[in-house]
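K.L.:
These are the residues of each chain, in order.
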Amino acid sequence: MLRHDVVVVGAGLAGMRAAIEAKRAGADVAIISKLHPTRSHSGSAEGGINAALGNASEDSPEIHTFDTVKGSDYLGDQDAIEIMCTEAPGDIYELEHMGAVFSRFADGRIAQRPFGAAGSPRTVYSADITGHVLIHVLYEQLLKYEVPVYEEFFALDLALDGGRCVGVLAWDIVSGGVHGISAHNTILATGGVGRMYYGTTNAYACTGDGMSMAWRAGVPLKDMEFMQFHPTTLKSNGVLITEGCRGEGAYLRNSNGDRFMAIAAPNAMELASRDVVSRAETKEIEEGRGVDGCVLLDLTHLGAKKILTRLPGSRELAMDYAGVDPILEPIPVRPGAHYHMGGVDTDSDGQTLLPGLYAAGECACVSVHGANRLGGNSLMETITFGRRSGAHAGAEALANRNGALVAASAVRDADSRIRAIFGRAGGQRPWQVREELATSMYDDAGVFRNQERLERCLTAVGDLRERGRDVVVDDTGDRFNTDLVSVLELESMLEMADCLVTGALARQESRGAHTRLDHPERDDERWMKHTLAWYDGGKVRLDYKPVTVTRFEPMVRSY
Amino acid sequence: MEVTLKIRRSPDGASHTTETYTVEVPETATLLDALDAVKDKRDGTLAYRKSCRMAVCGSCGMRMDGGAVLACKTAMKPLVEAGHVPTISPMGNLPVIKDLVVDMEPFWAKIRAVKPFLQTEAHPAKEHLVEAQVQQANIGKEALCIMCGCCVSECNSMESDPDFLGPAALAKAQRFVGDQREDDVARRSRLKDLNGAHGIWDCTRCYFCNQRCPKGVDPRDAIAKLGAQTFRFGSGSEFGAKTNMFAPVGTVVEPGVAHAQVFVDSTRRGGFLDETQLVPKTIGPLAAALDVPFALRLARAGKVPNPLHKHKAKNNDEVKRLWKLLEAQAREQQGLGTNHPSLIDSHD
Amino acid sequence: MQDRYAYYPGCLASLSQKELDSSTRAVCAKLGVELVELESMTCCGAGDIHEAKPDYYLHLNARILGQAEALGIPTILTICNVCTLNLRQANKKLKQDSGELERVNRNLAEVGAATYSGEVEVRHLLWEVSEGDGYERFKEIAVRSLEGLRVAPFYGCQILRPSKLLGFENPDSPQSLERLIEACGAEAIDYEAKVKCCGFPIVLAREDVALGMAVQPLAQARDAGADVIVTPCPLCHLSLDAWQQKAEKHAGRPLNVPILHLAQLLGAAAGIREDELKFKRHVVRLSSEVQDKLLRPQGAPVAGD
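Read top to bottom, the protein sequences are chains A, B and C.
All the letters of the first sequence, read from the start, carry residue numbers 1 to 559 under our numbering.
All the letters of the second sequence, read from the start, carry residue numbers 1 to 348 under our numbering.
All the letters of the third sequence, read from the start, carry residue numbers 1 to 305 under our numbering.
Treat the hints as calculated values from the structure; they're not laboratory data.
Treat the numbers as computed from the prediction; the structure is a model and nothing was measured.
Even for Gly, the Cβ is constructed at its ideal location relative to N, Cα and C.
Treat the hints with care, as some may be off.
[As the list claims (entries may be wrong)] Distance condition first, Cα-Cα at most 30 Å in a straight line; then the derived DSBU-like pairs of lysine-lysine:
1) B:Lys324 / C:Lys95
2) A:Lys144 / B:Lys115
3) B:Lys324 / C:Lys92
4) A:Lys305 / C:Lys164
5) C:Lys18 / A:Lys306
6) B:Lys6 / A:Lys235
7) A:Lys144 / B:Lys192
8) A:Lys305 / C:Lys92
9) B:Lys320 / C:Lys95
10) B:Lys320 / C:Lys18
11) C:Lys95 / B:Lys77
12) A:Lys235 / A:Lys144
13) B:Lys77 / B:Lys6
14) A:Lys545 / A:Lys529
15) C:Lys280 / B:Lys320
16) C:Lys95 / A:Lys305
17) A:Lys529 / A:Lys283
18) B:Lys41 / A:Lys235
19) A:Lys235 / B:Lys77
20) A:Lys306 / C:Lys92
21) C:Lys95 / A:Lys306
22) B:Lys6 / B:Lys192
[To be verified] Short derived list, chain A residues pointing at chain B, Cβ under 10 Å:
23) Leu35
24) Val133
25) Ser255
26) Gly323
27) Ile327
28) Asp483
29) Ser486
All chains should be modelled from the sequences, with the hints used to inform the complete structure.
P.N.:
Put into structure tokens, the structure is as follows:
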């Protein structure tokens, strides 16, 4: 019997941090992950992690909070943001003690670099491979704390009993077969869903499976329409070129060689908030001042030494995937789906409406990012809220565990669902539906949206959800069946697309990353509220809830 | 452009066949993109791992034409232009689960075996450990490792001895041995384990790992740094490597250290390797004496130098003086601990 | 190819592998190449000092490079893979890092040794004769056809990898030995293990592991019908030759493959006599049949004509 006090689904930064903290609390904790932990997408993060250490210049959690609130276009819950910004410095020091190899100033203090929309340089970094460094340090700690991992297990569904989540049903990818893994508390840390967009920085694995499970179990998803488009991604495969490049002084130019950010953000220029930059770029491209569908990220004036020491990873990516050496030539870039602000609705301890279910990291929406996230805040979110969820879930489990188990019938049902997929015939292959979805989302639910585009997209999503129910697999075996996995992932993406587009269509304003050409202004009076997307017999039903404002009254947001 | 691949298929790791596939992919396609096209449009049963597609997660290690690569970092265009059809097969030195998927558990077990986490005293929350950038440079390359397994796949020593810890685990070990935040107590404890069987001295210096690593970790260099660390503490220390030919019976001798010590001793004394000392000092005088047939074969071919006639370099006083000077300088620098600039790194 | 080189034979060629030195000198004489002795040669440090005492290794090699420079000769000729890698690695470090070069020179000067300013290159004999002008020169002196001899090339790790330090040819599919074998009139045998490790660095400390490696090229070459194996590295030669009987025992099968130094093969093709090639110094003896193919008088008929 597979049973634990706490089970964490997902082994990225949030998942591992949660598991470590729950273990420290004394709980019996295990992780379920469809990938080996160090393969998780957290490892792709490049630029850095924010905390008001004050090593580069005067800074404080208050300023960090304000920057984040403003960055969120006033949709972020300010109490949660305050918690994150206050606890961030301690979390950084703890990471350092765990062994993280951060870049340093000459005197040995942890270095901090400027990042988008930050009032003070507060992004702690490890060259430009910060995510890689952090994911390995947390994996090391996972080994130190001897947390078991159900590795290459695909979480299918949450198991419910008496109004409570009692665990997870998961498919063993290596050997096949469904297992019920019972837990008093389950923490979802499954990341984002960028893969439903054609141009995305996200790994193949980022398909929103955890959000989908929560949604189907009756937990509302919050602010789903807010998908951040990172301004500097490569056209060939969506790979991210870090904001850190702009932090180190890179420029954005159009086909005329002009630094076009001077129009949209005369003060912050290239370091304006990501939504501002992505909009400016899309405008340049759509109005004919792009270069082969891109704008140019110019690092040539930074010099070889700076690029080789501070941005070596970016250089390698540009050379491998864009055929360009940034020391010599600008890198063609364009916006790509990058980070999902929306997700499972939680409080500041990661609790959801469903007893026994928590969520943390990108799959959750506390909300600390509101309508737009600042660069460097996501890595911080994973650590702070991963820790808090783990601590809370661990302590709560120790205090109240009652031995509830995943029912055998639930395991059988999940198994039947898999066998039914194997039994299908006559449908399309998953890639066909996936490509259509991704193209439709990128074209019609991307940086610029309007009524017509969103309606077209919603219709397409509806149609694709239908066709998605019939997609067939070539592989009907039990052993390492990634064909099956792609079908399961497609299902998640289709559901999440529905939630996103429905919310986007309803929200008739522009705020943060959600830009309605037909409603170009922010409308606090009618729309300063969170969208909630509920599961309603397979369809999306919308509802709203208020934003928590503590210190900072909404203002006009300009950079 | 059109790409043709030969792929080694195996439903269960036991039997295998080679199948040929041709697919249409963009000119910017990598091997991973080509595999995706095969899986989507030709045969969905093809199994392989992937995730980030940007050479940082380490999922997609596999062999192309017998040498391990990251599929997502391998451009297809040069191969197509050369008219070459590559053969894709799973990584070596690891059991095959299916097609291009290997069982990574033996790999992870070796990583775990080197206790891959920082061992420090607890610190108060607000303070932080100060480690200068230059000291971090000592572990900068080892910290780049993405655990893809490409080095392990081609490790010649591991092929011959599957229990060899191997380049990835040893590079990970150096990432900690070289970390200033650990003290010498922790360091010596680590080195003690690493100097044992299947450890540092099993590396045959074939440099396949350096050559195949897609991230520039240079695991062989990391292993050499571990050797250097061992010698920093003194080969006659608790690592059990006493090089005195007349060491007490029952003394555990680590032959790898003893072997290196012969080079050091004879070079600093005479400038040249004293071959006559090499065998007895490495494997022990008793074992050397017992291997009579081997010795006779060498003698018959004239390969045993006259032990009474030592080969010395001319002006070897210079070499002796050089040795003394460098040792004195190293002693002065001891305060920096492991931060002696690494001269072993292979440079670009 | 140049007309004079600073000659760096290395430790083994001066001691147990003297046949390599004598063959090299003889071949170079035929090529019209002058080998100039260094003032005071020491060991290059091999892998062992490179690992155990990296700073000493750097200084020893800087001193060797400095001596070549002092002779006014821009290229050191090596005949051992390990020496080649060691010297080239030190050379690259000293050329790229002026701070290090300064520090090393200060120390060398203090002990009265030659200093180095970074103007020397290091090349293995294999590289010099397998392409360009050197290849043409070799073909001219290859007056004795080795037709009928089947030669399996064994490169040895450290003439190929890491390619960013060596970089002469593709480490996965090198061809220099094959070109030379064919220029000798012999047949080059292809087999998988030709780029793998002979195990020499650990043949004393970890004999079984090393033998598990050495067996591969020996068995594969034998099974592919090779008469001999040729190698550019005296350490590989020692491993595959002196340890061959142990390898046979380890593998539980006969091997009986004589190993030639590259210079011996080149020398045989150049008509050089046995008293300079010194095949007798091998542990695994050449059969009379193979010796005949190697030492056939010029113009003599080939078996099977």
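K.L.:
Hint by hint, note whether the structure agrees.
P.N.:
Hints and how they fare:
no.: 1; hint: B:Lys324 / C:Lys95; verdict: holds, 25 Å
no.: 2; hint: A:Lys144 / B:Lys115; verdict: holds, 8 Å
no.: 3; hint: B:Lys324 / C:Lys92; verdict: holds, 25 Å
no.: 4; hint: A:Lys305 / C:Lys164; verdict: holds, 21 Å
no.: 5; hint: C:Lys18 / A:Lys306; verdict: violated, 51 Å
no.: 6; hint: B:Lys6 / A:Lys235; verdict: holds, 29 Å
no.: 7; hint: A:Lys144 / B:Lys192; verdict: holds, 20 Å
no.: 8; hint: A:Lys305 / C:Lys92; verdict: holds, 19 Å
no.: 9; hint: B:Lys320 / C:Lys95; verdict: holds, 25 Å
no.: 10; hint: B:Lys320 / C:Lys18; verdict: holds, 26 Å
no.: 11; hint: C:Lys95 / B:Lys77; verdict: violated, 35 Å
no.: 12; hint: A:Lys235 / A:Lys144; verdict: violated, 40 Å
no.: 13; hint: B:Lys77 / B:Lys6; verdict: holds, 16 Å
no.: 14; hint: A:Lys545 / A:Lys529; verdict: holds, 6 Å
no.: 15; hint: C:Lys280 / B:Lys320; verdict: violated, 36 Å
no.: 16; hint: C:Lys95 / A:Lys305; verdict: holds, 18 Å
no.: 17; hint: A:Lys529 / A:Lys283; verdict: holds, 28 Å
no.: 18; hint: B:Lys41 / A:Lys235; verdict: holds, 23 Å
no.: 19; hint: A:Lys235 / B:Lys77; verdict: holds, 17 Å
no.: 20; hint: A:Lys306 / C:Lys92; verdict: holds, 23 Å
no.: 21; hint: C:Lys95 / A:Lys306; verdict: holds, 22 Å
no.: 22; hint: B:Lys6 / B:Lys192; verdict: violated, 45 Å
no.: 23; hint: Leu35; verdict: holds, 6 Å
no.: 24; hint: Val133; verdict: holds, 7 Å
no.: 25; hint: Ser255; verdict: violated, 21 Å
no.: 26; hint: Gly323; verdict: holds, 8 Å
no.: 27; hint: Ile327; verdict: violated, 14 Å
no.: 28; hint: Asp483; verdict: holds, 4 Å
no.: 29; hint: Ser486; verdict: holds, 8 Å
Hints 5, 11, 12, 15, 22, 25, 27 from the earlier list are contradicted by this structure; the remaining hints agree with it.
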